[in-house]
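Student: In order, the protein sequence lines correspond to chains A and B.
Residue 46 in the working numbering is what sits at position 46 of the first sequence, and the numbering runs on without skipping anything.
Residue 83 in the working numbering is what sits at position 83 of the second sequence, and the numbering runs on without skipping anything.
Careful: at least some of the hints might be erroneous.
[Said to hold, decoys possible] Straight-line alpha carbon distances no greater than 27 angstroms define the calculated DSS-like cross-link-like pairs of lysine-lysine that follow:
| hint | chain 1 | residue 1 | chain 2 | residue 2 |
| --- | --- | --- | --- | --- |
| 1 | B | Lys9 | A | Lys102 |
| 2 | A | Lys102 | A | Lys70 |
| 3 | B | Lys57 | A | Lys26 |
[What the hints assert, rightly or not] Computed far set for chain A versus chain B, every beta-carbon distance over 10 angstroms:
| hint | residue |
| --- | --- |
| 4 | Ser12 |
| 5 | Asn18 |
| 6 | Thr20 |
| 7 | Asn22 |
| 8 | Ser24 |
| 9 | Lys26 |
| 10 | Asn52 |
| 11 | Gly59 |
| 12 | Leu61 |
| 13 | Arg62 |
| 14 | Ser68 |
| 15 | Leu75 |
| 16 | Val108 |
Just so you know, these hints were derived from the structure itself, not from any lab.
Because the structure is a prediction, the values reported are computed rather than measured.
Ideal Cβ positions, reconstructed from N, Cα and C, are used throughout, including at glycine.
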Amino acid sequence: SQQGEEDPQALSIQEGENATMNCSYKTSINNLQWYRQNSGRGLVHLILIRSNEREKHSGRLRVTLDTSKKSSSLLITASRAADTASYFCATPSGNTPLVFGKGTRLSVIA
Amino acid sequence: NAGVTQTPKFQVLKTGQSMTLQCAQDMNHNSMYWYRQDPGMGLRLIYYSASEGTTDKGEVPNGYNVSRLNKREFSLRLESAAPSQTSVYFCASSEGAGRGSRSGELFFGEGSRLTVL
Numbered sequence: 001s002q003q004g005e006e007d008p009q010a011l012s013i014q015e016g017e018n019a020t021m022n023c024s025y026k027t028s029i030n031n032l033q034w035y036r037q038n039s040g041r042g043l044v045h046l047i048l049i050r051s052n053e054r055e056k057h058s059g060r061l062r063v064t065l066d067t068s069k070k071s072s073s074l075l076i077t078a079s080r081a082a083d084t085a086s087y088f089c090a091t092p093s094g095n096t097p098l099v100f101g102k103g104t105r106l107s108v109i110a
Numbered sequence: 001n002a003g004v005t006q007t008p009k010f011q012v013l014k015t016g017q018s019m020t021l022q023c024a025q026d027m028n029h030n031s032m033y034w035y036r037q038d039p040g041m042g043l044r045l046i047y048y049s050a051s052e053g054t055t056d057k058g059e060v061p062n063g064y065n066v067s068r069l070n071k072r073e074f075s076l077r078l079e080s081a082a083p084s085q086t087s088v089y090f091c092a093s094s095e096g097a098g099r100g101s102r103s104g105e106l107f108f109g110e111g112s113r114l115t116v117l
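If we strip away everything but chain B, and leave its shape as in the complex, we get:
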């Protein structure tokens, strides 16, 4: 059982380049999330998808777009990367019934380490 799979694991971009981080889960979860983790800042929510067909902004959505491709997949796109987007990005999923997941346990991927030069 793979759980939550993120690709790529590492990426180096130049300022202004675009890229998409891919995330897939095989647990039949309804809700999926993208967080970023920076030193001293903990995890901050970028976007989430409470269920297939819906997406919502989190705490730090600027500079990002997301697509809930189907129930399994949730991608994060950087249209024009900036050095401030250098971070470790984590995708997570939960069973979450309805809008958001008020009480569910989150399952995390191993992270994607992005450096923007």
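Pulled out of the complex, with its shape left as it was, chain A reads as follows:
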């Protein structure tokens, strides 16, 4: 089954810095989604970007999608300690539900 793979697996930055996470996938998609998971909690949807979009913004989040390279990136600007979490990309595959990657663990140090 198609699956997004996030890179890096773990990322540690100082508060105020920008954090960039990448996602690669294998086959054509109609959209790609990013989710966040705080420790011990469920996943929360952050943003969805459609295959005909190249960039999308939501607050301090910026997502890009390059369908020619089958990749996406999530940028969190001016990070805060509260952004510490795991971030997952997810892609649908035909008629099947979302397939998730293994995630990037982000640590923001105050």
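Given the structure of chain A, go ahead and fit chain B onto it with the hints provided.
Tutor: Chain B only, in chain A's frame:
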């Protein structure tokens, strides 16, 4: 608005015991899902229900059964628990029209942490 509610939050079982994880959503969503999350493995789909009255296998269905009791509720049953089923289980729902949900946002519960000894 409660969203997706899972019970129980924690459970310890002995090998061979059975149990049912319950999930309910109050968003009038058509589609519901069960995922398991293991360290280093991300989330893997166990079963899903595209609409009331239908269920389909996901990536890792062996050892599990599901019931879509009505539009609100989707339960996951372990008939004979094994240590390999120690995991965190997440229920999710989406609006999803028709079979599967190709583009919808998923709403997750807080998870059920299961340990099988």
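Student: Beyond 10 angstroms on every Cβ pair: is that true for A:Asn18 relative to chain B?
Tutor: It holds; A:Asn18 is separated from chain B by about 24 angstroms at its closest Cβ, greater than 10 angstroms.
Student: Assess, step by step, whether the Cα of B:Lys9 is no farther than 27 angstroms from the Cα of A:Lys102, and give holds or violated.
Tutor: Holds. B:Lys9 to A:Lys102 sits at ~23 angstroms (cutoff 27 angstroms).
Student: Quick one, are A:Lys102 and A:Lys70 close enough, alpha carbons at most 27 angstroms?
Tutor: Distance of about 17 angstroms is within 27 angstroms: holds.
Student: Is it the case that A:Gly59 keeps its Cβ farther than 10 angstroms from each residue Cβ in chain B?
Tutor: At about 16 angstroms from chain B, A:Gly59 clears the 10 angstroms cut-off, so the statement holds.
Student: Does A:Thr20 sit more than 10 angstroms from chain B, CB to CB?
Tutor: 20 angstroms, holds
Student: Holds or violated: B:Lys57 and A:Lys26, Cα atoms, limit 27 angstroms.
Tutor: 22 angstroms, holds
Student: Does A:Lys26 really sit off the interface, with its C-beta more than 10 angstroms from all C-beta atoms of chain B?
Tutor: Fine: 15 angstroms to the nearest Cβ keeps A:Lys26 off the interface.
Student: Evaluate the condition: distance from the CB of A:Leu61 to the nearest CB of chain B exceeds 10 angstroms.
Tutor: 15 angstroms, holds
Student: A:Ser68 clear of chain B by more than 10 angstroms, beta carbon to beta carbon?
Tutor: At about 21 angstroms from chain B, A:Ser68 clears the 10 angstroms cut-off, so the statement holds.
Student: Taking C-beta pairs only, is A:Asn22 more than 10 angstroms away from all of chain B?
Tutor: The claim stands: A:Asn22 keeps its Cβ more than 10 angstroms from every Cβ of chain B (closest is about 15 angstroms).
Student: Is the Cβ of A:Leu75 more than 10 angstroms away from each Cβ in chain B?
Tutor: 20 angstroms, holds
Student: The output says A:Ser12 does not contact chain B. Does that hold with a beta carbon cutoff of 10 angstroms?
Tutor: Consistent with the label, A:Ser12 stays out of reach of chain B, its closest Cβ about 18 angstroms off (over 10 angstroms).
Every hint from the earlier list agrees with this structure, and none is contradicted.
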